[in-house]
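**Student:** Generate coordinates for the entire structure from the input sequences, incorporating the hints supplied.
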Amino acid sequence: MFTRASIIAALVATASAFTAPALPTMGARKAAVSTMQMQDKSYAMPFLSRPPALDGSMAGDVGFDPLGFSNYFDLKWLREAELKHGRICMLAATGAIVQDLYTFPFMSKWYQGEKMWGLHEAAIKSGALWQVLFFIGLLEIPFLLTLANGSVDGTGNIGFDPLGLKSDRRAVTEIKNGRLAMIAIGGMTHHYFLTGKGPVQFITQIPNFRSCVARASELPGAKTASLPFFGKTLEVASNLCVN
279 MFTRASIIAA LVATASAFTA PALPTMGARK AAVSTMQMQD KSYAMPFLSR PPALDGSMAG
339 DVGFDPLGFS NYFDLKWLRE AELKHGRICM LAATGAIVQD LYTFPFMSKW YQGEKMWGLH
399 EAAIKSGALW QVLFFIGLLE IPFLLTLANG SVDGTGNIGF DPLGLKSDRR AVTEIKNGRL
459 AMIAIGGMTH HYFLTGKGPV QFITQIPNFR SCVARASELP GAKTASLPFF GKTLEVASNL
519 CVN
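Under my numbering, the first residue of the sequence shown is numbered 279, with each subsequent residue one higher.
No wet-lab data here; the hints were simulated from the structure. This structure is a prediction, so every number in the text was calculated from the model and none was measured. Treat each hint with caution, since some may be false.
[What the hints assert, rightly or not] Think about it this way: if two alpha-carbon atoms lie no more than 20 Å apart in a straight line, the pair counts; the simulated SDA-like pairs of lysine to any residue are: (1) LYS354 - PRO329; (2) LYS362 - SER445; (3) LYS510 - ALA500; (4) LYS354 - SER445; (5) LYS354 - THR451; (6) LYS354 - ASN427; (7) LYS403 - ALA503; (8) LYS362 - ASP431; (9) LYS403 - GLU392; (10) LYS510 - GLY396; (11) LYS354 - ALA331; (12) LYS501 - GLY391; (13) LYS354 - ALA449; (14) LYS362 - GLY373; (15) LYS454 - GLY338; (16) LYS387 - VAL376; (17) LYS403 - PRO498; (18) LYS362 - ARG447; (19) LYS501 - TYR389; (20) LYS387 - GLU399; (21) LYS362 - PRO420; (22) LYS354 - ARG457.
[What the hints assert, rightly or not] Estimated spans, in silico, between C-beta atoms of each pair: (23) LEU411 - SER386: 15 to 25 Å; (24) LYS510 - GLY442: 47 to 57 Å; (25) ASP318 - GLY442: 35 to 45 Å; (26) LYS387 - ALA426: 37 to 47 Å; (27) THR451 - TRP408: 25 to 35 Å; (28) GLU513 - PRO440: 44 to 54 Å; (29) GLN479 - ASP333: 37 to 47 Å.
For glycine and all other residues, C-beta sits at the position ideal for the given N, C-alpha and C.
**Tutor:** In structure tokens, the structure reads:
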């Protein structure tokens, strides 16, 4: 009896190998098609197609490139530029906030409470900005060496990681914070021309955020913002000022 049952089971198993697989249900087919369509759409902007170069292999890649830069420029170069601007803006945003809260006593020799663009002009007059450019130039040396041997990889690695924090997760954290800082410092500089206030002072007076200490054209730093590159920034900001 046992032998007969074993033979029947073996025959059934053999026959099933030649049987066509069951067709997927309508729901399964729709889910598969939907998944394939989603792969062709930008994760950040689902109503736009995903740029071909943005395949998700880079940290922080969410398919956001509405102007199509990745179609015309090397993605590694674009990422290096994004990382550098992000790092600079993280430092700038932090500095803008800190100088609103505390200033070293010995700095009064060169600075008298200037903020944002006013601080930029004061740094030029005192020569401090040249020091900043010099040290940034030193930090660029590893990148220039990498560029010379053709091994730019888009990771922004300049050989500086004294605490050993490098990881894939922190790479995503850095790029996200850098993007946020670029937006933040842009907002801080515009708030300054609208109100003449630093970021902390501006936030603490939000109920009356349109009040200003002086018209934009009268603020320290107005000379730089009067350049043709900035268009009618000063004129527009001055008209929005409410004393």
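**Student:** Run through the hints listed earlier and report the numbers of any the structure violates, in increasing order.
**Tutor:** Every hint satisfied by this model.
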